[in-house]
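Peer 1: Below are the chains, spelled out letter by letter.
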Amino acid sequence: MDFIFEWFRTLYSETGVNLPFIYDEYDRKRMAEGLLTTIWLSLICLFFSVIIGVIGAWLQGSSLKWTRRIVNGYIQLFRNTPPLVQLYFFYFAIGTLLPRVENDWGGTSPMLGSFAWAAISLSFFAGAFNVEIFRSGIEAVPKSTVEAAEALGFSRLQIYRDITLPLAFRVVIPAMNNNLVNLVKTTTLAYAIAVPEMLYEANQIWSDNVNVTEMMIFLLLAYFVLVGVLVAGMNKWERAMKIPGFG
Amino acid sequence: MSYKTDLPVMLPVKPRALEPFKSLKKRHILLIAFLTIVGPSLVFAQTGEFEKSPLAILLDWTPLLLSGFLFNLVISFGAMALGTLVGGLLGLGQVSLFAPTRASSWLVTQFFRNAPWLVLLFFAMFLLPFELNIFGFKLPLPDWFKAILGLSLPVMANVSEIVRGAVRSLPSGQWEAAESLAYTRRQTLWLIILPQCVKRMLPPWMNLYSILTMATVLASIVGVSEVMTLTGRALAAEGGRTDLLAPFYGLVLVLFFIYCYPIARFTVWLEHKFSVIN
Amino acid sequence: MKFKILKTIAVTALISSVSVTAGIADILDTIKERGTLIVGVKADYKPYGFLDSSGTVIGLEPDLAQDVADKLGVAIEYVPVVSSNRMQFLEQGKIDLMIATMTDKPDRRKVVQIVDPNYYSSGTNVLALKSLGLKDWNDLNGKPVCGIQGAFYNKATSQNYGAEIVAFKGTAEAYSALKAGNCAAFVYDDSAIVAKTNDPAWSDYEMPLATIDDAPWGLAVGLGEDNFAALMSEMITGWHKSGRILELEKKWGVTNTPFAKEMHDKYK
Chain A
1 MDFIFEWFRT
11 LYSETGVNLP
21 FIYDEYDRKR
31 MAEGLLTTIW
41 LSLICLFFSV
51 IIGVIGAWLQ
61 GSSLKWTRRI
71 VNGYIQLFRN
81 TPPLVQLYFF
91 YFAIGTLLPR
101 VENDWGGTSP
111 MLGSFAWAAI
121 SLSFFAGAFN
131 VEIFRSGIEA
141 VPKSTVEAAE
151 ALGFSRLQIY
161 RDITLPLAFR
171 VVIPAMNNNL
181 VNLVKTTTLA
191 YAIAVPEMLY
201 EANQIWSDNV
211 NVTEMMIFLL
221 LAYFVLVGVL
231 VAGMNKWERA
241 MKIPGFG
Chain B
1 MSYKTDLPVM
11 LPVKPRALEP
21 FKSLKKRHIL
31 LIAFLTIVGP
41 SLVFAQTGEF
51 EKSPLAILLD
61 WTPLLLSGFL
71 FNLVISFGAM
81 ALGTLVGGLL
91 GLGQVSLFAP
101 TRASSWLVTQ
111 FFRNAPWLVL
121 LFFAMFLLPF
131 ELNIFGFKLP
141 LPDWFKAILG
151 LSLPVMANVS
161 EIVRGAVRSL
171 PSGQWEAAES
181 LAYTRRQTLW
191 LIILPQCVKR
201 MLPPWMNLYS
211 ILTMATVLAS
221 IVGVSEVMTL
231 TGRALAAEGG
241 RTDLLAPFYG
251 LVLVLFFIYC
261 YPIARFTVWL
271 EHKFSVIN
Chain C
1 MKFKILKTIA
11 VTALISSVSV
21 TAGIADILDT
31 IKERGTLIVG
41 VKADYKPYGF
51 LDSSGTVIGL
61 EPDLAQDVAD
71 KLGVAIEYVP
81 VVSSNRMQFL
91 EQGKIDLMIA
101 TMTDKPDRRK
111 VVQIVDPNYY
121 SSGTNVLALK
131 SLGLKDWNDL
141 NGKPVCGIQG
151 AFYNKATSQN
161 YGAEIVAFKG
171 TAEAYSALKA
181 GNCAAFVYDD
191 SAIVAKTNDP
201 AWSDYEMPLA
211 TIDDAPWGLA
221 VGLGEDNFAA
231 LMSEMITGWH
241 KSGRILELEK
251 KWGVTNTPFA
261 KEMHDKYK
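Residue numbers (this note's numbering), protein chains in the order written: chain A, 1 to 247; chain B, 1 to 278; chain C, 1 to 268.
Just chain A, same shape as in the assembly (with noise of 0.2 Å):
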């Protein structure tokens, strides 16, 4: 493998192009590192706020007038203000105040780091877009499906898990597909609280080497693999769970 990091040097003294996260161990430890953590957030993010979107939709329908009013002002809230500064208002505003704990280097910190108020604040925003998603969905469903499931003695829990949510869920994939990008793409808001994401490690990079053309045309690409992957992962997800003859 060194042959192939000497190669990379030997690129940047010849032509100029700088790519010091393929050829300086650090620097290549420091964005395997950012990769990994993106991934690792887009995924716990995708997993939570479509939790959130589904729980969200369940209480929407609620007969209780406060439990709607609650659920339609998060949404509101969400939708309409940015997600950088729900971010920052989560991890300073809100972070500084819950109780702290020890940690081990011997100090207290807040119980949840940077990483997990990103996780937290972006959950949070994309299921605020996952409820009206699902929300939609469910609707699709005709009544006289719930009727009949009703008359066989469903209970109203195992309607919406056993009946609902799966017809649901095939509707607004297509949707949710959408939605889910813009997840991956929104994860490189964590930059802004210090979580080592690639955005932030490109950073860190390109501050150290000034070689900032390199280290954007990097993140355009890997961006775009990653957001292509997602893609067509979905698509495939997509096809198998096809309802045949809808749509």
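Watch out, some of these pointers could steer you wrong.
Computed list of lysine-lysine pairs in DSSO-like fashion (alpha-carbon distance at most 27 Å, straight line) [unchecked claim]:
1. LYS71(C) <-> LYS251(C)
2. LYS261(C) <-> LYS241(C)
3. LYS251(C) <-> LYS29(A)
4. LYS130(C) <-> LYS71(C)
5. LYS105(C) <-> LYS196(C)
6. LYS138(B) <-> LYS251(C)
7. LYS110(C) <-> LYS155(C)
8. LYS29(A) <-> LYS155(C)
9. LYS71(C) <-> LYS196(C)
Derived contacts from chain C toward chain B, CB cut-off under 10 Å, selection only [what the hints assert, rightly or not]:
10. ASP44
11. PRO80
12. VAL82
13. GLN88
14. LYS135
15. SER176
Computed far set for chain C versus chain B, every beta-carbon distance over 10 Å [claimed, not checked]:
16. LYS32
17. LYS46
18. GLN66
19. GLY73
20. ASP104
21. ARG108
22. MET207
23. PRO208
24. ASN227
25. SER233
26. ARG244
27. GLU249
28. LYS250
29. LYS261
30. HIS264
None of these hints come from the bench; they were simulated from the model. From a predicted model like this one, the values you see are computed outputs, not experimental measurements. Beta carbons: idealized from backbone N, C-alpha and C, even for Gly.
Fit chains B and C to the known structure of chain A by using the hints.
Peer 2: Showing chains B and C alone in chain A's frame:
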């Protein structure tokens, strides 16, 4: 799309309006402001005798922050206008009959749709020169202009998709009728297709504007003096007091909410008004 | 069809006539012609460059820049910069002069023209909780340490001493994170940290380690601007001679640094 069956397994998906707050009443704004600004300021009010309370400090800095917010709005208008213009052309390119145009437009659209907005912004800020030399005239490119260019790239890609979607959603009968009446391709597009598309494009376009307005905050990461940067500098000038964080960021949240929520309601109203009954 | 070809040619010609400008004229003439000196300064680094509530940039370095503008007889315009873009702005020609708490390093001299003699100096140190009892730089091993994105000592601190750098884009965020306990210490210039330890709100914090990398700061002009560099060199010597730096330090509440005193003694 419709299909004939006796027992429908699934209904077509209808776009859904949220059960509304009918309008943003004064009490809603006050509640939000209380939760995000006043509440935390009071919680942290352990002020010394000569220190000003967080709320007073916030009021001190508010004029400056408001001017920063106006700057955000200027950036959003600029990026939307530029992005819509170029995106419209790109969208028309995507439905062109000429294969290379179609392919290259598709490629450009996909490329800019898949890139994170922040990375595109960095790209524009760092790689565009600060000055253009046209025929001997020097055209300076200030920071905020480069931010507008950077943000217009994803807008352009999204507008292109919206245009393409709207054009394709028209019934093919329209195209066929135009053809039978001997309209050229250009006449068909301009006189028949696009006017009908405008209605369909308006709600997603306004949605995009809302997303763009919120994305203008990203310009703070690349150093443009808009509301987040000014908030950061104000906090630094006040010595990094932790009790000021919640009020200041709360104020920014409230400003954006007050601007974006009416737009969202207006978009929902537009959707209903223009909903096409098939 | 013909019209289309003509259009394409016209557009191509227009685009190729746009070129990136490269300043060949002497910057001093440009400044005098423009009537304004554009200076890059920090806007979030109290007291060297920060904002007052009306939004004007004030501080030690803006005052120094004002001296230069007065000498040239032009107005002044401040462009706020941060560590990660100050050299790029000068390179691109966006600013004429950069006085932005930048440490003088040999590889930076390849990108911008740093003027001799150095006008200021500071070293790297950390701000940490007294209760942590840090004594040596190696005590930072494995601990999260806040920093500012783009600072040169981030890599050194993490590579040499094993600290985990948590870099933020502004000092406000870094100080908040330190106060909240998200990191054990904040690695920064000792001059700023000394000012913070005198602040009553930060009485639980100290600057315990030995200042390392005591490195002079450099103000910079664009590469190749030799006339401007010569002028700035004269100005810096004048500042040291007249004790202007010491005077400004007192004005902005910084304890007189040994470097400033040394340079004043050397040149007076």
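Peer 1: It remains to establish, for every hint, whether it holds in the given structure.
Peer 2: These are the hints, each one checked on the structure:
Among the hinted pairs, LYS71(C) with LYS251(C) is consistent with the structure: their alpha-carbon atoms are about 21 Å apart, no more than 27 Å. At roughly 10 Å between alpha-carbon atoms, LYS261(C) and LYS241(C) fall within 27 Å of each other, so this suggested pair holds. Note on LYS251(C) and LYS29(A): the hinted pairing is violated, with a Cα-Cα distance of about 46 Å set against a maximum of 27 Å. Restraint check for LYS130(C) and LYS71(C): the C-alpha separation of about 46 Å exceeds 27 Å, so the hint is violated.
Restraint check: the Cα-Cα separation between LYS105(C) and LYS196(C) comes to about 26 Å, which is no more than 27 Å; the hinted pair holds. The hinted pair formed by LYS138(B) and LYS251(C) fails the criterion: a straight-line CA distance of about 40 Å is larger than 27 Å. Pair hint LYS110(C) plus LYS155(C) holds up; C-alpha atoms about 19 Å apart against a cutoff of 27 Å. Restraint check for LYS29(A) and LYS155(C): the C-alpha separation of about 13 Å stays at or below 27 Å, so the hint holds.
Distance check on the hinted pair: LYS71(C) and LYS196(C) sit about 33 Å apart at the alpha-carbon level, beyond 27 Å; violated. The interface hint given for ASP44(C) holds, since its Cβ lies 4 Å from the closest Cβ of chain B, which is under the 10 Å cut-off. Interface hint status for PRO80(C): upheld, as the beta-carbon distance to the closest one in chain B is roughly 7 Å, under 10 Å. The closest approach between the C-beta of VAL82(C) and any C-beta of chain B is roughly 6 Å, which is under the 10 Å cut-off, so the hint is satisfied.
Interface restraint check for GLN88(C): the shortest CB-CB distance to chain B comes to about 7 Å, inside 10 Å, so the restraint holds. The beta carbon of LYS135(C) comes no nearer than 26 Å to any beta carbon in chain B, farther than 10 Å, and the hint placing it at the interface is violated. Checking SER176(C) against chain B: minimum C-beta separation of about 6 Å stays under 10 Å; hint holds. Against chain B, the non-interface label of LYS32(C) holds: every CB pair exceeds 10 Å, the least being about 16 Å.
With a least CB separation of 6 Å from chain B, LYS46(C) falls inside the 10 Å interface cut-off, contrary to its annotation. Distance to chain B confirms GLN66(C) as a non-interface residue, since its nearest Cβ pair spans about 19 Å, more than 10 Å. Its beta-carbon lying about 23 Å from the closest one in chain B, GLY73(C) satisfies the requirement of being farther than 10 Å from that chain. Its beta-carbon lying about 23 Å from the closest one in chain B, ASP104(C) satisfies the requirement of being farther than 10 Å from that chain.
The claim that ARG108(C) is not at the interface with chain B holds, since no C-beta of that chain comes within 10 Å of its own (minimum 18 Å). For MET207(C), the non-interface assignment is confirmed: its Cβ lies about 16 Å from the closest Cβ of chain B, beyond the 10 Å cut-off. With a cut of 10 Å on Cβ distances, PRO208(C) stays outside the contact zone with chain B, its closest approach being about 20 Å. No Cβ of chain B approaches the Cβ of ASN227(C) within 10 Å, the least distance being about 21 Å, so the stated non-interface status holds.
Taking the minimum C-beta to C-beta distance to chain B, about 26 Å, the non-interface status of SER233(C) holds against the 10 Å cut. Its beta-carbon lying about 24 Å from the closest one in chain B, ARG244(C) satisfies the requirement of being farther than 10 Å from that chain. Distance check on GLU249(C): its Cβ is at least 18 Å (rounded) from any Cβ of chain B, clearing the 10 Å threshold; non-interface status holds. Against the 10 Å criterion, LYS250(C) stays outside the reach of chain B, whose nearest CB is about 19 Å from its own CB.
Once the 10 Å rule is applied to beta carbons, LYS261(C) is consistent with being away from chain B; the minimum gap is 27 Å. Taking the minimum C-beta to C-beta distance to chain B, about 29 Å, the non-interface status of HIS264(C) holds against the 10 Å cut.
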